[in-house]
Amino acid sequence: MYVPLVLTTFLDRAAELYGGKTAAVDGERTVTYGELQYRVNQLSNGLKALNIKKGDKVAYLSPNAVEMLEGFYGVYQLGAVMTPLNTRLTAEDYEFILNHSESKVLFADKTLFKQLEPILGNLTSIETIILHGEEADTKTAIGYENWLSGFDGKWFDRVEVDEHDIASLLYTSGTTGNPKGVLLTHRSNYLHALSTMHHLRIRENDKMLHVLPMFHVNGWGSPFYYTANGVTQVMQRKIDPESIFNNIKKHKISILHMAPTVLNMLLEYYHLHKEECRMDHHVRIVVAGSAPPPAFIEMTENELGWEFIHVYGMTEISPLVTTSQITSNDEHLPVKEQQRLKSKTGYSLIGSEVKVVNEAYEEVEKNGTAVGEIVVRSNNVMEGYFKNPEATAETIQHGWLHTGDMAVVFDNGYIEIVDRKKDVIISGGENISSIEVEGYLYQHPDIVETAVVALPHEKWGEIPHAVVVKREGSSLTEEDVIAYAREKMAHFKAPKSINFVKELPKTASGKIQKVQLRKQLWNDSDKLVN
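Residue numbers for the sequence shown follow the numbering used here, beginning at 35 and rising by one.
In case anyone wonders, no lab produced these hints; they're calculated from the structure. You may find that some hints are simply not true.
In silico lysine-lysine, DSBU-like type, Cα no more than 35 Å apart, as pairs [to be verified]:
id: 1; residue 1: Lys455; residue 2: Lys370
id: 2; residue 1: Lys148; residue 2: Lys173
id: 3; residue 1: Lys389; residue 2: Lys540
id: 4; residue 1: Lys540; residue 2: Lys272
id: 5; residue 1: Lys522; residue 2: Lys536
Taking CB as the label site, the calculated pair distances span [as the list claims (entries may be wrong)]:
id: 6; residue 1: Pro539; residue 2: Glu276; range: 20 to 30 Å
id: 7; residue 1: Tyr36; residue 2: His316; range: 35 to 45 Å
id: 8; residue 1: Lys144; residue 2: His198; range: 29 to 39 Å
id: 9; residue 1: Ile460; residue 2: His432; range: 18 to 28 Å
Backbone N, C-alpha and C fix where the C-beta goes; we use that ideal spot for every residue, glycine too.
I would like the entire structure built from these sequences, with the hints used as guidance.
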């Protein structure tokens, strides 16, 4: 028997089994799973009235909100393709993505609409704009709630969808050129959801806080596996530590996802407001985006008392493929050793094959020193980049997806990323891992955030340079940081120069944008190696 793995079945299950349970909380608004399905049917009927057909692209520019959650399922019922937009892009970026994706309808939160206004006249495929949070129509857009209320929510006659049909078109930024559109099928997202819900131990009594933006790889697929399990999902519209802690306490949140930089903000806030941040219930935090220093894990578990779960992935893989949770093989290890293991990239999730290979395509020796590239084979892997066969062929070779992440493998099978290919610093012929250097710098009590990148040098080709955010009130100097680094690591690895900034450039999901730092330091040169 063949039953297509289609994402709409997740909401069907939740509405049938948990119809009266709170599905989503968005500020003072709450909707049950029964109400959510009703609104999703209204949305699908509305899109059908706008002549949206199977395969058409529907774009969303929204913070984490009930309307965004509705979009995933309302769009899919027509066999249309959800195309979320990063909320921190430029107007020119939006123009490229909307035109390149050939999106026909654009849903936008009214608080973000100003970002689109400069390019509205340049959009070639958008036929209708609908504003979330807007009741009445404006000159350029339709008010969402009034529009939605005009359609029946009791039933929608679904279009036949196969698991191999495209569900998501997700744009990811590269180091150069325009963003690339990643095509993910219902099957990829569905199987990713099954694997991830197992490893994160998702249950119906969980309460989830959407801190990670849902536009970022579908919030790591969270609208799928949390909905499938009937979990109450609380919307975090802005990254604000006080609000996050308040939501965790008020709603008894048991799990939340974020980048290490957001966790760092929470830890900083906690140190200033310990009493009001203490929780009387179990919280597990899922972190990905860059390698977290072991110090982060120690503070999270020992001070906050939260369980730390480190995962790894990328947009092209739906996105998660590894975790470093402690297995029964390592439960006997001391706590500090377990925390060091948790900071590694870890081992593959069920359903994904992950290995580290050298240039000859041979697996590297499991000695913790031989470096190779992480490659992945999985049902979660993308179909390709939309209208970009050259980039697709470069990324998927010999049946494996090449991540561009350089790593080592230890004798216990744990993988550890040592750098991105583009982030490896080659100084005097020696390879330097920027992640390793950052890990040592994060141990300094006056360093809040840091990013280590290559700086061009006449003699050595490149030298490591650290960009540092120091703790407020600190008198830390460049000489102090360099001296500290030389005490901690081999001298050739230690940063040779430092500059201090108030904040590091980040993506909307909280990932540090090293490419921006390199461009500044290399005077916007097209060539960022020496």
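Against the structure, the hints:
As the CA atoms of Lys455 and Lys370 are separated by approximately 29 Å, the hinted pair is consistent with the 35 Å bound. Pair hint Lys148 plus Lys173 holds up; C-alpha atoms about 14 Å apart against a cutoff of 35 Å. Between Lys389 and Lys540 the CA atoms are separated by roughly 29 Å; this keeps the pair inside 35 Å, and the hint holds. As the CA atoms of Lys540 and Lys272 are separated by approximately 15 Å, the hinted pair is consistent with the 35 Å bound.
The hinted pair formed by Lys522 and Lys536 meets the criterion: a straight-line CA distance of about 25 Å does not exceed 35 Å. Distance hint for Pro539 and Glu276: a CB-CB separation of about 23 Å, consistent with the stated range 20 to 30 Å. Checking the proposed 35 to 45 Å range against Tyr36 and His316 shows it holds: the Cβ atoms sit about 40 Å from each other. Checking the proposed 29 to 39 Å range against Lys144 and His198 shows it holds: the Cβ atoms sit about 36 Å from each other.
Against the hinted window of 18 to 28 Å, the Cβ-Cβ separation of Ile460 and His432 comes to about 27 Å, which satisfies the hint.
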